[in-house]
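K.L.:
Generate the whole structure from the sequences, applying the supplied hints.
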Amino acid sequence: MIELDGVAKFFGPTVAVENVSLNVAAGDFCVLLGPSGCGKSTVLRMVNAMIAPDRGRIVIGGVDIATLDPIKLRRGVGYCIQSVGLFPHWTVERNIAAVPRLLGWSRPRIAARMAEVVAAMQIDKALLPRYPRELSGGQQQRIGVARALAADPDIILMDEPFAALDPISRAALQDEMRRLHEVSGKTFLFVTHDINEALRLATRIVVMNKGRVAQAGTPADILMRPVDEFVRGFLGRDELPLRLLDLVEIRDRIAPLSHRPSTTAIGGNATLRAALNMMLDHHVSRLAVADETGRIVGEIGLADIVAGGAPQ
Amino acid sequence: MSARGTPFILDRVLLTLACAGVAAVALGGFVNHAANRLADGVALPLWRAPPGDQALIAGALAAMVAASCLSREKPRALAAIGAAFALFFGCLVASAHFADRLAEGAKPAARTSLGAAFWILIALAALCALNAAQRGRLPFALRVAIGAGFAAGFAALAQAGVFAQLALAREFAVHRAEFMVQLWRHMALVGASVAIALAISIPLTVLALHRAHWRGLLFATLGVVQTIPSIALFGVLIAPLAALAGRFPLLGAWGVGGTGAAPAIIALTLYSLGPLVRIFVTGFNEVSADVKDAARGIGFDGRRLFFAVEFPLALPALISGLRVVAIQAIGLATVAALIGAGGLGVFVFQGIGQYALDLVLLGAIPIILMALAADLVFSAGLSAARGKR
Chain U
24 MIELDGVAKF
34 FGPTVAVENV
44 SLNVAAGDFC
54 VLLGPSGCGK
64 STVLRMVNAM
74 IAPDRGRIVI
84 GGVDIATLDP
94 IKLRRGVGYC
104 IQSVGLFPHW
114 TVERNIAAVP
124 RLLGWSRPRI
134 AARMAEVVAA
144 MQIDKALLPR
154 YPRELSGGQQ
164 QRIGVARALA
174 ADPDIILMDE
184 PFAALDPISR
194 AALQDEMRRL
204 HEVSGKTFLF
214 VTHDINEALR
224 LATRIVVMNK
234 GRVAQAGTPA
244 DILMRPVDEF
254 VRGFLGRDEL
264 PLRLLDLVEI
274 RDRIAPLSHR
284 PSTTAIGGNA
294 TLRAALNMML
304 DHHVSRLAVA
314 DETGRIVGEI
324 GLADIVAGGA
334 PQ
Chain V
126 MSARGTPFIL
136 DRVLLTLACA
146 GVAAVALGGF
156 VNHAANRLAD
166 GVALPLWRAP
176 PGDQALIAGA
186 LAAMVAASCL
196 SREKPRALAA
206 IGAAFALFFG
216 CLVASAHFAD
226 RLAEGAKPAA
236 RTSLGAAFWI
246 LIALAALCAL
256 NAAQRGRLPF
266 ALRVAIGAGF
276 AAGFAALAQA
286 GVFAQLALAR
296 EFAVHRAEFM
306 VQLWRHMALV
316 GASVAIALAI
326 SIPLTVLALH
336 RAHWRGLLFA
346 TLGVVQTIPS
356 IALFGVLIAP
366 LAALAGRFPL
376 LGAWGVGGTG
386 AAPAIIALTL
396 YSLGPLVRIF
406 VTGFNEVSAD
416 VKDAARGIGF
426 DGRRLFFAVE
436 FPLALPALIS
446 GLRVVAIQAI
456 GLATVAALIG
466 AGGLGVFVFQ
476 GIGQYALDLV
486 LLGAIPIILM
496 ALAADLVFSA
506 GLSAARGKR
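Note that the protein sequences, when read in sequence, are chains U and V.
Sequential numbering from 24 applies to the first sequence in our numbering.
Sequential numbering from 126 applies to the second sequence in our numbering.
Hints were generated in silico from the structure; no laboratory data involved.
Here a beta-carbon is modelled for each residue, glycine too, at the ideal position from N, C-alpha and C.
Incorrect hints may appear among the rest.
What the hints assert, rightly or not - If you only want the chain U side, here are some residues facing chain V, beta carbon under 10 Å, derived:
#, residue
1, 93
2, 98
3, 100
4, 108
5, 113
6, 122
7, 125
8, 170
9, 180
Claimed, not checked - Computed spacing ranges between beta-carbons, pair by pair:
#, chain 1, residue 1, chain 2, residue 2, range
10, V, 272, U, 151, 32 to 40 Å
11, V, 197, U, 292, 55 to 63 Å
12, U, 92, V, 328, 25 to 33 Å
13, V, 430, U, 90, 17 to 25 Å
Stated by the list, open to error - Quick list of in silico lysine-lysine cross-link-like pairs, DSBU-like style, CA-CA up to 30 Å:
#, chain 1, residue 1, chain 2, residue 2
14, U, 209, U, 148
15, V, 417, U, 95
16, U, 233, U, 209
17, U, 233, V, 417
18, U, 209, V, 417
19, U, 148, V, 417
20, U, 209, U, 95
P.N.:
Here you go:
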């Protein structure tokens, strides 16, 4: 879907991005991860032609974007930034409809699509006639994401969209993004410096350092086989085993119910880390495991978490 | 301490205004009576005025004190505005009656002009009304209606000839035809110079926004113009314009010359340019970079970015820029009378020349009112442009 081939960008004497090649398949949730100044935002902004690469080429859906009209390209790609950048003089509704209006959609088509987006992003309809100033940071970014989705683009670019939010809003929006990705099958390119956010969202992680790709792969790949000291350090050397627990769901380690089942239950789709957390919280070493309907289907013990080792 | 029976003062400003009013009445002359236009007058205090009028003014001041004790903001604001009305029209009527009474048995040349206490009371009435409008958060339409009420009452009294014996009214009666001419001329000078400055400031703003290295030079040049005293700038323009008109007779036929409207408009335009360009540039620079980035990122082209985002967001700043220069030009245009450009300054400088204070006021008061009106109009535009955001 998105291919970068030997892309480089220099700002005067400083190298922002050097020889970056990567291939984001359709339906991927690709997270560009790295410390600030590593060039990840520059890569993102080159994909929608906000910045032109000095070397190499970027291909979207088989077309070199250098041959496209950048304005048309941007209207076809969702774009969402950390500071949100809602138009303060427009209502929430008009903000969300910005791109469909630019594209000249008909009124009924815009109205129909608005209803879909508002439902998908779980936006309170009472907010629609309000102005951005009247909204909380979390609500604003929800609107920002809705604006990026409004024209139903196949590709969505997000530049640290949740970095400035409080932990609760951030977690809620991250859940929203996971769901949206699963349901829509759209391709996401997402920039963050937050390893937890990357692990929570990504199907593919690209770790960047000093303008280069340090390592690319699935979250499990990167956690289990960090290629160098930088990646290991960035992932948090001491916490690596703990982070691995994020990648495994409880149902993969489920054991049959014992004779004295635990009274504390957890959902089978939660991660091993969540199970460990709950055990520590309740001072127990075994948890009952429930399925989606709340029926107890088995249990998980501390030994099941510890013994399993790395995911496959 | 028990609250029962002790009136609480809830609006100290109102109480202070009332006290200042009492002090002004006690210490200052309400009108000045002189044997003729040039003679020094005698200051006559309010308590020599007709008793009914005295009672009206005293009642208005008492109403201000009473209003200051009202506990709820809105009724207090309305009561204060009522008191301001009473004080304003009480002063007008009192001074007119006072002048009528003094005119009886005096020579026709005798003059009754308005004294310090009168002006202080009028100012207090205005402050009282403004304070009430602000603290009571009165809606804009109501504020306009209140202002219109003051203006209409004054116009009705003037039309009825109530003020006939006041010196200011007699100066007006003598200069009536010329007053209208100069009033329009004053507005024309201001309107033309602000319009030209606006037209020139647009390309200069674009230059300053897009060529950073030109900005410093531009601001410095316009800043230097601001430092030239107005009378000097008018003077400096006389020679080159006179030479131009002499060299090209056509220009002279159009009315361009060393004196008259041309140098006045050029000078007023130059004064307006500096603040206008500076405020415009600030206005556009203050449009959030994030908003512009988001707009470009989702596919706004340059034209749409400007008309749909940058311009509406900078509009409040543009309007405040125009407000500043319009009010400044209204004041500066006064001086233009000295180089024969006309305008209300004509009366001010004639009055100074003849030592006729009332003639000075005949020019100065409309200039002040014009500035206030301009302020009101631009404020309305500003609140409309800000909208709900």
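K.L.:
Hint residue 100 of chain U vs chain V: min CB-CB distance below 10 Å?
P.N.:
holds (8 Å)
K.L.:
Holds or violated: are the alpha carbons of residue 233 of chain U and residue 209 of chain U at most 30 Å from each other?
P.N.:
It holds: about 29 Å lies between the C-alpha atoms, which stays within 30 Å.
K.L.:
Could you tell me whether the CB distance from residue 272 of chain V to residue 151 of chain U stays inside 32 to 40 Å?
P.N.:
38 Å Cβ-Cβ, so the 32 to 40 Å window holds.
K.L.:
For the pair supplied as a hint, residue 209 of chain U and residue 148 of chain U, confirm whether the alpha-carbon distance does not exceed 30 Å.
P.N.:
holds (25 Å)
K.L.:
Report holds or violated for the interface hint on residue 170 of chain U, using the least CB-CB distance to chain V and a cut-off of 10 Å.
P.N.:
Hint holds; residue 170 of chain U Cβ to chain V Cβ min 7 Å, cut 10 Å.
K.L.:
Is the gap between the beta carbons of residue 92 of chain U and residue 328 of chain V within 25 to 33 Å?
P.N.:
Because 29 Å falls inside the window, the suggested range holds.
K.L.:
Assess, step by step, whether the Cα of residue 209 of chain U is no farther than 30 Å from the Cα of residue 417 of chain V, and give holds or violated.
P.N.:
holds (26 Å)
K.L.:
If you take the shortest Cβ to Cβ gap from residue 108 of chain U to chain V, is it below 10 Å?
P.N.:
holds (3 Å)
K.L.:
Determine whether the Cβ-Cβ distance between residue 430 of chain V and residue 90 of chain U falls within the hinted range of 17 to 25 Å.
P.N.:
Hint holds: Cβ distance 23 Å, inside 17 to 25 Å.
K.L.:
Can you confirm whether the C-alpha distance between residue 233 of chain U and residue 417 of chain V stays at or below 30 Å?
P.N.:
holds (28 Å)
K.L.:
Straight-line Cα separation of residue 209 of chain U and residue 95 of chain U no greater than 30 Å?
P.N.:
holds (19 Å)
K.L.:
Holds or violated: is there a CB of chain V closer than 10 Å to the CB of residue 122 of chain U?
P.N.:
holds (5 Å)
This entry satisfies every hint, going by the numbered hints stated previously.
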